Amino acid sequence: MLLSPSDYRKICAKNIVWLPFFLLFIVFIFIFSNSYASPDKFQAPVQDTIPAKRITGRVFNLEDSTPLTGASVVNLRTGRGTTTSSTGIFFIEAKPGDSIRFSFAGKVAQTLAYTGEASLSVELSRSEGLLGGVVITGFQNLDKKKFTGAATSLKADDIKIPGVVDVSKMLEGRAAGVSVQNVSGTFGAAPKVHVRGATSINGENKPLWVVDGVVLEDIINISNDQLSSGDPTTLLGSSVAGLNSNDIETIDILKDASATALYGARAMNGVVVITTKKGRSGKPVVSFTANFTSQLKPTYNYYNIMNSAQQMSVLGELERKGYLNYNVLDRPDYGVYGQMYKALDYSTTTGTFSLQNTPEARKNFLLRYAEANTDWFDLLFNNSLIQEYSLSVSGGTDKSQSFFSTSFYHDNGWTIADKVNRYTLNFRNNYTFNDKLSVGFMTVGSVRQQRAPGTVSRTSDPVFGQFYREFDINPFSYALNTNRALTAYDSTGNLEYFRRNFAPFNIINELANNYIDLNVIDLKLQGELNYRFNKHLRFEFIGALRYVKSSMEHQITENSNQANAYRANDNATMNQNNKYLYRDPDHPDDPAVVVLPYGGFYNRTENSLVNFDVRNSLSYTNNFADKHDVSFLLGQQVKYADRQNFSNTGYGYQYDNGGVPFIDYRILKQTIEANFPYYDMTKFYDRFAAFYFNAQYTYDRKYNLYGTVRYDGSNVLGASSKARWLPTWSFGGAWNIDQEKFMEKFPQIDYLKLRASYGITASLGPATNADVVLKSSTSNRPYADERESVINLINLANDDLTWEKNYQANVGIDFGLFKNRLSASVDVYSRRSFDLISRIKTSGIGGEAYKVANYADMKSHGIEFLLNGQILKQKNYGWRATLTFGYNETKITNAQNVPLIFDLVKPEGGNREGYPVNSLFSIRFNGLEHNTGIPQFIDENGNVSKGVFLQDDKIDYLVYEGPVDPPFTGGFSNTFNYKNLSLNVFITYQAGNKIRLYPAFRSAYVDLDAMPKEFLDRWEMPGDEKITNIPAISDSYYSYVTGANGSYPYNNYNYSTVRVADGSFVRLKTVSVTYQFSNEALTRMKVFKNFSITAALANFWLIYADKKLEGQDPEFFNAGGVAQPIQKQVTLSLKVSL
Amino acid sequence: MNTKRIYGLVFLVAGLAFLPSCNKYLEKEPDNRASLNTPQKVSQLLATAYPGANYVPMIETYSDNVGDIGSGDAGSADLNTLNADLFFFKDSRAINEDSPEFYWFACYHAIAACNEALSAISEASNQDEYASQKAEALVARAYAHFMLVNVFAKFYDPATASTDPGIPYVTEPERNFIKQYSRGTVASVYDMIEKDLLEGLPFLNDKSYSVPKYHFTKAAAYAFASRFYLYKKDYNKVIQYGLQAVPNNDFLSNLRPWNTVYSSIGLNEIAPRYAKATENANLLLCETASYWFRTVIAARYAVTPAVRDELLRDVPVVGGQWAFATGFYVENHIIVPKVNEYFVRVSVNADIGNGFVMVPLFTVEEVLFNVAEAYSYLGQSNEAMALLNTYLSTRIVSYNSSYNLTAAKISAFYGTSDIQQGLIKTILDYRHSEFIHEGLRWFDILRYKIPVVHTTSGGEINTLSADDPRRLFQIPATAKQSGVEQNPR
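Chains A and B, in that order, give the protein sequences. All residue numbers for the first sequence refer to our numbering, where the first residue is 1 and numbers rise by one. All residue numbers for the second sequence refer to our numbering, where the first residue is 1139 and numbers rise by one.
Everything labelled a hint here was simulated from the structure, so no lab data went into it. Bear in mind that the values here come from a model prediction, so they are computed numbers and not experimental data. Be a bit skeptical, because a hint or two may be false.
[Said to hold, decoys possible] Here are the computed lysine-lysine pairs in the DSSO-like style, where the Cα-Cα straight-line distance is at most 30 angstroms:
(1) K1166(B) / K549(A)
(2) K1345(B) / K775(A)
(3) K1345(B) / K954(A)
(4) K321(A) / K277(A)
(5) K1317(B) / K891(A)
(6) K683(A) / K1166(B)
(7) K891(A) / K1618(B)
(8) K1228(B) / K775(A)
(9) K363(A) / K277(A)
(10) K722(A) / K1179(B)
(11) K1128(A) / K1107(A)
(12) K683(A) / K1228(B)
(13) K669(A) / K1345(B)
(14) K859(A) / K1317(B)
(15) K722(A) / K1414(B)
(16) K1414(B) / K841(A)
(17) K722(A) / K1317(B)
(18) K579(A) / K669(A)
(19) K1317(B) / K841(A)
(20) K1414(B) / K549(A)
(21) K841(A) / K1162(B)
(22) K1414(B) / K579(A)
(23) K954(A) / K1228(B)
Please model the entire structure based on the sequences and the hints provided.
Here is the structure:
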């Protein structure tokens, strides 16, 4: 095998990507080694012979002066210790001169020299730096010093991007090894999130989201790959879209087997744990945040699209080549030329010809369009105004605390077709009845009202090699794909209609008459109970009920093109060709008839979720002889989730006529004969139970061991007891090297910890046939009276079916240097997935030719690091930087699946043994044909050909381009502050992946389509093939040459080696400036406790991207439907607290 | 103390309450899938116990019913590849609709439905209520195996059947990812077919079907039996079962009205009607995923004008014109309007979708020929000729009794004094014309070891001789996983 030129490029690119990080690292080290100052002298406690007495005191939070419950207080001389009560009070024996150590998870421990006071008041501050904090796993709050797993803890305030409302989108570049691709910027659409890359071939590969200890179930399961489809269901893709980001306190991303162990068989893809704010005792604190964001209109400058004059000259060429003659009027779609030929017709209503058929008149007619240069972006987009207001009140007493928050989000729409309102409510109360019993209640709710352009789900069309979406009116893809010679308004200022689907079409009219209204109500009730039997043993209960209901109303009024397409029956040609007309199968020779004489459609889709999650656990912690810390956790969990999906097509709804449906029975007949149910309801039942046990041991604060076993059961594989239960386990160890004696020689090292973990996690794969799968359907027979209800054998039972599993090994090191001015965390991991679900061709003798079974294996490994440093720190100014870097490589080691060519060349990539998950392949381009300028390829059989059969499974001649998911991801955040002003510059990057360019080339152009400027360099005469790869424009000769043998060279061209770009990019994600009023100023004002103003720019500059992209966003999949690219936006944010 | 007691109590509750109840809790099916808990549901499953693939395109293109038209395009590269491979007697590279591999998978899928049904019935407490379902499952299972053994194994020959490899006869649901199977022998497969067929046949109940023509009614099963015993050369049984297949032995009113009704309606109207349940001639219809219509109307290797002239103009032996309507959509691609495509779009108004063709699996015409052939072998030539005359009365344009078949005409036409041989030749010739586009010619070629010669428009000659190993269609290569050897080449 030889390396192809693109492979050479890939290797070079890798080196280039590594280089800057290496350099950056060197610079960091350099800066820190210089800024190192001499350490403080260490003072040993003094002992004497004064007798001990019982002293008392209280421990508080430094930040808000609330009492700290459960803080550890130890007399270091005697080794005796205690913990504080719920009011922060402690009693301990001590005598003057003793050292008393106060510690609490997440706080900086303090050691005081006791000097004989009667009572002590100690305030513990939140720890800075990496190792001071806690990791919240949702089951436990673990001291980072004892933690053996790989996790990243983020504070919501640090990562919040003003104007970005969805939490999942904020994670981009913030945590090493977490890749976030914003495949769509639409509200509610989730980004593609991978924690340490893919672990499964056909599974979902989405991390598990956990909010306040309860798994956030999706309303509908949308796999990572489906997120880029642009289908209306993607609006429900983000599980966290209903969460007010101002309510979030911390986000913990659990990455390895040890960290995720307690999620057992659902943890394979990592876990994102969100913890929301709690009420704090004290006077009520009112916080108010207001964000005002404007998203900017896109402009043509960034895109490679012909202007109207260039476009008309190409159309002129097509006209001369005989492709745009009078018969365009017979086509379902037409633009400028169709308009002209229509005007040439004799009008019976006016009794004249609206256009004289003279060369001058025609020229003048066309000239108006050639000069139009319509700016579709200007017509269809707004510089929107997004307002977001959030109010919270927090307060309480020792015995009860409450937190209340509410928010309102209003987006008046970046396009003229979308709009969002979201309301959230969060009410949380915690009560401490006595030393033993405390309970908490939480009510979280959100309501979303959203409007989106009307769209239907896309279908994959391997015949032509494209994805197909009918009646697509996505404003962004319309603007990119529509000829700029077309005009939205005619010369008199009225809407100008061209033709689509044989019916008049104007995008502005269509967007007003064809839209989706989405309503989502999401309500969660959660209760928690804590019972402390004694200071060692505790019982904990968490129970949650969540109810989500969404309705999607696709309203297509009688004035829309989509409804009028059903009525386009002007002449015999239309009658023959309009597929929306009805032809009675019993009378095949009769003309087709209109079956939607009045009205439009009212199509409704409803999704609902009812979810219970209950967990009981007992935990035991103890410390023996101040050397042995042990803790155990034993628990049990039950989950229940019922999902329901309902959809209904409402025919003939008359929006303008009192809302009365007019239904012609034949439209139902047509639907039934086409074998489509006009309504549909499916239910999914998810039952889950688990038992878990976890043990931790720490010796002398130096050596930590952590182990978990868990036993999960689920019904999702099918009602067979064989596949039901799965045990998982993990263990880990950590060594706090900084606690060792010999480390005293290195005072510049604040902490140093080595961690390692190993374990098995699992996930439910996309197979449910532990027992036989039978589904009812209707037989495919042409006559209604011969049709019957049948039960299809979908999958045979598979007694060997089990969960997808994954062994993970992780080694990490954390260190802090120079008084925590530089801290870092580096992890190396290796993962081996096995029992993955793959589709395999079998002998078929059992009755199923292609079976899904636990057959495939894959490996992945990677490295990630996080570098955090205070580069400059002076009284008035400073510079703090955080660099994250993640590298992940996957390889399918065994699959034996049988992908078709189309599965591998599509933009989302496909899976093939020996290659990464979601690899992009291309058809090898073999130059343009000398005589015709038609592209040629190496076809499935290795021959030079104009057509490649995309449905073939012979894939040996495809060219491997690279993975679709970026192997390198990360971010670089810089905060500069000068007095009360701070500037944040945040850069994100990714590298090493490949992108399929927009499918700009088509087998046939109509006079509606926009053409890329690349066409200016197209093949025009024999010999041009030596200097250009851009094929000749498709004309009638081209259709004649290629049309006859069922090949589609232009579609193949879109999937060829020349239509691939490198996906690496560096993006200036945000730049923000914050002014924080100083304490003195605030005191003077007397009203505010806190006041800050932030101005931010987001997504303004793509610093580096492949030039071949020509304006295409490297993250965004332009799939039409409801998909929108991420937008440039300006935000002004105001934060006050009273 | 206290804490320990509570600790223990919690444990007890967790242990006792959750562990057993968990298993019950987890027994819920994850979606609204069907379960086979009533006779009606078993019946619905059995609606899919018939091979959902069309065997006609492959065996028809292999047979002497097609020639090289010189050009043609069935509409997709896959179909064209299939069409050409078959014409040149090659193992088909195409694996989709209409390919041998597709048919193999579809037959075993049908068998799996039968076995799931039988397994559900065997677990039911009220087995009596399932009698007719059990019967249908057995007969349908026999039919799918019968087609497989005739297509993918050597044709039944009493002399060698007990050593010729057959095809795996599957009698229970597969429950493992990869299971091993044995091909057995042609004789053992035929024995199993006979056993299932005879066990099921008496309990078939036409009243248990909502659309009887798409199920093994008694009549359809008798027709199947007549074909089975014809291939097995047990002629008494052919007559015994064949005569029961046609109500009151009334062949005449149940034959297709080619020279009457079909001649009076338009060409476009015959095809939709041909495979309709209301046609008396159809004994068993089957819904298949197939693009046979496109191949028939436009493929390069299809019925040529020469084939039409040979088979569809003059009636052999008795003279007169066949009443079969012929025409074309694409010039020189001759069709008899028997095939119609029902195109099911992937979404209501999509341009793409899947084609379906309804195929008559058993017809009254075939039964008539089966019985006539059996009569001939048993020396009852008058009975045979009576049946053939009934047939001709519906097939010859402006039929009158002067077109009747006589021993003299047979002798004269075939130049033989052996009336039995003459009759068999007559039957073969009539079958040849009658079943054009319907595939049955291939089994006559196998039964009588007739060589097939395909000549290309360029003059290249390919012959499939009587003992050519390529007469056995190739078993999919993946069958080797299950220990099933492919046919020798």
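Right, here's what the structure says about each hint:
For the proposed pair K1166(B) and K549(A), the alpha carbon gap of about 23 angstroms is at most 30 angstroms, so the pair holds. With a CA separation close to 24 angstroms, the supplied pair K1345(B) and K775(A) stays within the 30 angstroms bound. For the suggested pair K1345(B) and K954(A), the alpha carbons sit about 48 angstroms apart, so the restraint of at most 30 angstroms is broken. A hinted pair counts as satisfied when its Cα atoms are at most 30 angstroms apart, and K321(A) with K277(A) does not qualify at roughly 69 angstroms.
For the hint pairing K1317(B) with K891(A), the CA-to-CA distance comes to about 29 angstroms; that is within 30 angstroms, so the pair holds. Distance hint between K683(A) and K1166(B) is fulfilled; the C-alpha atoms sit about 12 angstroms from each other, no more than 30 angstroms. Taking the CA atoms of K891(A) and K1618(B), the gap is about 28 angstroms. The hint holds against a cut of 30 angstroms. This hinted pair does not check out: K1228(B) and K775(A) have alpha carbons roughly 37 angstroms apart, beyond 30 angstroms.
Taking the CA atoms of K363(A) and K277(A), the gap is about 68 angstroms. The hint is violated against a cut of 30 angstroms. Proximity of K722(A) to K1179(B) is assessed by CA-CA distance (about 25 angstroms); at most 30 angstroms being required, the pair is judged to hold. About 20 angstroms separates the Cα atoms of K1128(A) and K1107(A), which keeps this hinted pair within 30 angstroms; it holds. In summary, the hint linking K683(A) to K1228(B) is not supported, as the alpha carbons are separated by about 48 angstroms, beyond the 30 angstroms threshold.
Taking the CA atoms of K669(A) and K1345(B), the gap is near 27 angstroms; set against the 30 angstroms cutoff, the hint holds. Between K859(A) and K1317(B) the CA atoms are separated by roughly 28 angstroms; this keeps the pair inside 30 angstroms, and the hint holds. The suggested pairing of K722(A) with K1414(B) is violated, with an alpha-carbon distance near 46 angstroms, which exceeds 30 angstroms. Between K1414(B) and K841(A), the direct Cα distance comes to roughly 35 angstroms. Violation of the 30 angstroms bound is thereby established for this hinted pair.
Restraint check for K722(A) and K1317(B): satisfied, since their Cα atoms lie roughly 18 angstroms apart, inside the 30 angstroms limit. Taking the CA atoms of K579(A) and K669(A), the gap is near 15 angstroms; set against the 30 angstroms cutoff, the hint holds. With a C-alpha separation of about 13 angstroms, the suggested pair K1317(B) and K841(A) falls inside the 30 angstroms cut-off, and the hint holds. Taken as a hint, the K1414(B) and K549(A) pair is broken in the structure, with Cα atoms around 46 angstroms apart against an allowance of 30 angstroms.
Restraint check: the Cα-Cα separation between K841(A) and K1162(B) comes to about 34 angstroms, which exceeds 30 angstroms; the hinted pair is violated. This hinted pair checks out: K1414(B) and K579(A) have alpha carbons roughly 25 angstroms apart, not beyond 30 angstroms. With a C-alpha separation of about 18 angstroms, the suggested pairing of K954(A) with K1228(B) holds against the 30 angstroms cut-off.
Going through the hint list in order, the structure does not satisfy hints 3, 4, 8, 9, 12, 15, 16, 20, 21.
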